[in-house]
Each structure stands twice: as structure tokens, then as C-alpha cells.
Amino acid sequence: MQPLLKLSSIKRSFGAIHALKGVDFEILPGEVMGLVGENGAGKSTLVKIISGFDNGFTGEYQVNGEDVRFPYPGKAEQAGIAIAQQELSLIHTMSVAENVFLAGHNVPTFANKRTLVKMARPFLNEVGLDSIDPAIGVDRLSVGEQHLVEVARLIAHDPKVLILDEPTAALGESDSIRILDMVKRLSERGKSIIYVSHRMDEIFKITDRITVLRDGESQEARAASTLDVNSLVELMLGRELDNMFPARTMPEAGKPKEKPLIQITDLWPDGLLEPVNFDIRPGEILGLAGQLGSGSGEILGAIAGAHKTRSGTLDFGDEQFLPANPQQAIAKGIAYCSEDRKHDGLFLGRPIKENLSSPSLGSISKLGWMSRPAESALASDIAEKFTVDTSRMNDQAGVLSGGNQQKVALGKWLSIGPKVILVNEPTRGVDVGARAEIYQKLRDLAAEGTAIVVASTDIQEISNLPDRVITFYRGMQIGEIGLADMTAAAILKQITDPFNETNL
Amino acid sequence: MNANAPAVSRQAKTPTWLANLVDKYTWLVVTLVALFVLTFAYGMITAPNFLTWFNFKTIIRDAALVGIMAIGLTFVTLSGNFFLLSMKETAALAIIAFATAMSAGYGFEISFLFTMGVAVIAGALQGVLIGLGGNPIVVTLGAAGLFFGVASWWSENLVISFRRPHGAEWLGSGSFLGLPNITVAFILIAIVAELVLRYTTFGRQVYLIGSNRAAGKATGHENFSMAIKTCIIASSCSAFVAIAFSAQVSSAHVNYFSSSFGSSGDMTILVIATVMVAGNSIMGGFGSTLRSSLGAVFISTVDNMMVLHGFNSGPRVLAVGLMIVFSIIVFALVRRGSRVQE
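Protein chains in written order, with the working numbering: chain D, 1181 to 1684; chain R, 7 to 348.
The reader is advised that the hints may include incorrect statements.
What the hints assert, rightly or not - Just so you have them, the derived chain R footprint on chain D, three or more residues with Cβ under 8 Å:
| no. | segment |
| --- | --- |
| 1 | 1202-1209 |
| 2 | 1503-1513 |
| 3 | 1532-1541 |
Treat the hints as calculated values from the structure; they're not laboratory data. Backbone N, C-alpha and C define an ideal beta-carbon position, used for all residues, glycine too.
Extracted from the complex, chain D is given alone in its bound form (with noise of 0.2 Å):
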């Protein structure tokens, strides 16, 4: 068969950097094919050669085996050539089926909002968004659905090829799930799909062959089926992966239970149910498992004093307390990672190592006036904890790599010697090697006593990074899982059909 797409030796160079030095590609008509890589392989550059965001590669790129270069994307896009990128740009003021229509593409001139839905249900059913009313405002929708509605607005173009960019990064268990139906029915009736992710799961469940890209190189595509995510990822680094995460021991039993550094009573974060209580223990990692909307983050904001709470109470130590705004926390040693670093989680025009110590700019300086040199020894330090390159502390924070970034949005709170570290979400965005290394960290910040409360909607993380679980379900406490019975069948049973509703 003939490829419907085949891009052969794409090399591309920005300044001095060899973004990509030698890439082959191709994916037949119907296939879905995985395209993954640690970040900083080269797979944003080379799908954004594929769409033609840009033209600046040399080698060949072949469409039904025509030679082809697009000057702009309008032209890839009239190849028949799409792309959902992850921010999605769909326009919130307007309808669904606007939405879907933007573009414009064979919509009479004069066409009221009647005409443009009867027009949007049949690319609406297509992406399986049935039920909803396409007259509806999108920003109505869940984070999920406007994924689906930005597909559908691709399909309406009837393209032959469709690239999705991190579909699933940011979208709970049941979301993604939508997405990768979509996948398969697309694939179906002919699409071809190329499928970019960091989730192992994802990417075995959906692809038929995988791309994987390394150093901005290619590895031959494989079939997914002869490869298994030990394998996978083995191709992706380029060595084994021994073991993603750090080793967890079993607390004896008949051992007392420690004393709580946190006991939380009757906390009501806005957003929640109803008030949930839990205590957080020095030198263990407890997870707050939970689907997008379950509350978990929001709880984790809540303690940090970031988010609005009705009521509730922190006992911390011989006091009582609850912050009304970080400030508060912070002084009483509760750090907070956000799940978006890039929103309030890092500086990033900025200098690293300002953004390193700006939770504790009082401990570096005397009567107001700071002392640079503490300033760099401070940042070296913590940069050197979290094996962040010390000679780029004068960088900007923006130009760092998704790994490097959350090492430096997490690694600022060392500065201020947390008791408690709260992480919504610790490895979004990052690539493979990265996480492994903030887990180890998190793990020996543990060890040294802290304590840890991880929030995430990524089932193999929750799974296997946290001593304790406690499960949330659409803004309610569940339950709790011991490191014993911590099965990632256990947690998702918890976090998605607590009460048997369904027969899953």
C-alpha cells in the first residue's frame, strides 16, 4: 500500500540547535500511528513540519506520493493535512456549532444559527458528541467535550489525515476516554490518525504502529503489538528504565500509627460536595486520587490557603489555623504546586534562579536589602538537588524544557524548608527520564521527614508513587487505600463507579 503520507531523512536546524537531524516518516490510509518521544525528541517540530506551520526542513516530504512543501498551513490544511493542537482554539463566546464552522468551509453566506446546526450534528456525531445540543454555548462543555468539538470542527473539512497533540494531557480518566473512542471510530472510516502522547496506556490501546523519536532522530516504525511499555520506553531513552518509580516499604504491622503532622477537619473547599477530613503524616507520600472534577486539586489549594474554603480547620502542631491566602502557608511551611506551572507556578521571564528564591526572599536578605551571593548559593543548592543545570541559573525560566520547568517550580519551595509539600498534578507535561527523577525526589524528601500530598488524575502515578490513597468521586471523599490493597484496579473502581452505578 501506498503511504498517504512519507516524510524521508527531515532534517531541521534552528541556529546551532539540530532540532531534527535525520527523520523518516510515513503513515498509511486508516492507520493510527503513535508518535512519541521524551520531550526535546523533536516531535513538536516535525508535527509542525507535518501541518506546515513550518517550512524551514530539508529533505523530502511526500503526500500520495507528490513531492510537497506548504508555504503556510492553509495549504496543508487544503492537502487534506489537520492538526489539534493542545491549547485548544476554539472561541468561548460562541456556539458549539459556530464553533465547528469557523473556518467557514461550505457554509452558504447568509446561514442563521438553524442552518449552521442541522450542519454541525452530522461532525458532531462523528466525534460521539450525540447528546449534545450543538445551540449551546461551548464554554458549557467539559474540557473533554471541547477537545471533541475542535476535532469536529476538523472533520467538517473532511481531512485525510489528523494529527492530535496531547489530546488527553489535560483531561480526566473518562474524557480521555471519549477521546480515544473517537480515535477508533475515526479510524474506522478511514482517517488517518497520527497520535502524539506521553500516556503508555493511551498509546497502546489505540495505535497500530509507533513512531518513537529520540534526539531528533527516528527509530523505525513498529508495530504496536510487538512492543510492550518496558520496551517502549527502553526505544525512547535510548537505555533501560529500571524502575520509574522509587521503591515503597510496607509499614510494619502493629506498629502505632505516627502521630499526624496535619489533621484536617471538616475542610469545604468551593467546589466540593460536601466537607471532607483526613490527616497528612511526616515522611509518607499520600496521594489524593480523584478524576478531573473530583475535587482532589482543589482540596490541595484549599490547605495552601490558594483556593476559597466555606469552612475547616488545619491542626498543625499545637496550633489551628486556616490560611486565607498563601502568604499565611507559607509561613507555616505548607508549599503548593499548582497543576499549571506556567499560570502561577513559575516566573517565566524571569531569571531561574530568581524564580528559585522567590518564596523566601526574607532569608536572603537583611533589613530589605538582599545579598546576591546568598541569592546564587541558595539557587546552585536547590538546582543541584533537583540536578537542574547551575550554570543556566542567569536563563530565563521560559526557555527551559517541560521537565526542567516543574523541577524548578517544585524545587523553589526547598527554600523555604517545607513541612508539608502539596503537588497538584507533579508530572504534567514532562517527559519520561524528568518524572522519574521528580519522584525519586519526592521519595528522599520524604525520607528526610517531609510530607508529601500528591493530587493526580494519572492512574499509574497514583497507583505507584503514593504510601496511602484516598479516593474522591465527583466532590466526595471515598475511601482510603493502604499501601497493601494499592492496586490501580482498586483506586479506579473507587474514582469512577464508587457507588456501582454501572456494570463496568
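Place chain R on chain D using the hints.
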């Protein structure tokens, strides 16, 4: 993951300095700046009496009043709180307060403190509203009307004058080491402001909050107190300029900063232009008061050069406008080149 990987080696050949510049800033920027430098140099050489010590002192003195206000406003802009559109109205309120106190015979010290008190209240009022989440444009536009209204009502729209000799003469017309005291004050304020921004925790907070307000809050730096502090700094600088100006002319009127001031006439616009010509980021987090001080001197230099060439006020206002457009384009291009795509 890539932290410890060796950095990709730069190209080995060492290009000429011009190729280096072009590589760093693109042809467009280099050409634009070169064109500007040539025009500037031509104007400088051909202007009569431009390159004299006396003229140099004139330039700095002309820059001083706008420069001091621009330094104050820079704190607001750097902290991500945009601009105060009430700069000249704050000055109008302050000059009336000062002249009223002086003409009532309270002496310089009391009048100075009284005026600064008024300015601090004016700044804090705006700062609180902005800190609570008010849009800076709306808040300061409202405050501008309020201050100007109070000042004209208070002064009954009349010129308030106080007779020489008075205790403020040293500031208005005195000099130190051959430099007018206003120039000395400008230089001192510029140095202190830059030191504060660079070496104090307050200065760092200005940059951090300006760079990312949400991350600032998350790391314990609230914009509420920052907005109040920076607005007080800006309005105090306005008040200081008002006092210095009043000391010079021994009188006050609410319209002193609205018309016939500098080349463009409107003090607020001139101050904002200065902050922008200097290349400070409008969104905050990037820039410095040193830039603003130099921006003031720069505008004053161009203005001075055009006066010496015999241009009247129309073309001079045009020139200031062009400089703003020009510097915004150049700084935007330079910054785009230096920032890795996110």
C-alpha cells in the same frame, strides 16, 4: 532530563561584529537602529551650539521634571499595574496644596510634608482600588477627574502665588556644584530608585509580581500591597515635581501640567511616553527605572536638538510620537528574537 546533557556547541567560526549583531537582532532591527543613529548624529552635528556644556546642562534640566515622574510611574508599570492616567492631576492637586500652604506662611518644611501627605493619600486611594482588582485605566481615569476637580475647587481656579523670598527658592532656582538643584534631585532619585529595584526585596517583588501576578501570589507576594506601594511612589514623585515646579515659579495653578508644558503640553502623556520609549514592558516584569531616566534624557535631547534647529512645537510633538512608535517596534522585535518560543 536534558539538564546534564552537553549543550549543543555553537558554530565554531567567529563572525564579524556586524554579522554577530545581525544574527542576534535580525537585519530589520539593525537597519532601523542604524538609520536612527545616523539621523540623530546628523542633527547633533548640524544643530548650532548643541555640543556645549551649557546645552548639556539644559537638556538634563529639561529632562528632570518629566524624568522624576517617569521614574515613579515605572514602579507601577514594572509591577504589572499598567499606567496611572492621573499623573498630571495628582501633580495639580499637589501644587495647589503646596502653594496654598506656602502662601499661608507655613514655611517650606511644613508645606512640603503637607503636600507629600496629600500625595500619599491620593496614591493609596488608587492603589487600594487597583489592588482590589479594579482596572488601572478606569480607576486612575476616575481619580484624575476627582483630583483635578478638588484642586480647581480648592484654588477657585485662580493662580495662587507666594512672594519671594520664600523657603523653597533653593529647590526652584538654587544650584549645587554648578548643577541646578532640580537636576541634582533627578540624578539622586534615579540612582536611589535603581538601587531599590536591583538590590532590595521590595524591588525583586516588583519584578516578580509584574512578571506573573498569579505566581507572585502563590509564592507569597500579594499584588494588593504592591499596588498600594507603587501607586504611592508614583504619586509622591508627581508631588515632588509639583513642589519643585512651584518653587521655581513661586505660584501654582491647576493647569500648569495640562498645557504648555514640555513639547507635547500634556504631562501625563509625556511621562507615559518616556516610560515606553525606554523600552519597559507594558505588561510588567521587564525594564528598569534607569531606562526611564535615560528615556527622559533622550526625549529631552531630541526636543532640544529640534528647538536649536528652529522647529516649533508641532513637529516636536510629532517627533515624540514617532519615537514612541519606533521604540515600541524595535524593542518588540528585539524581545521576540531573544525569547525562545513557548
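> Failing hints, ascending?
Replying inline: Going through the list in order, the structure violates hint 1 alone and respects the others.
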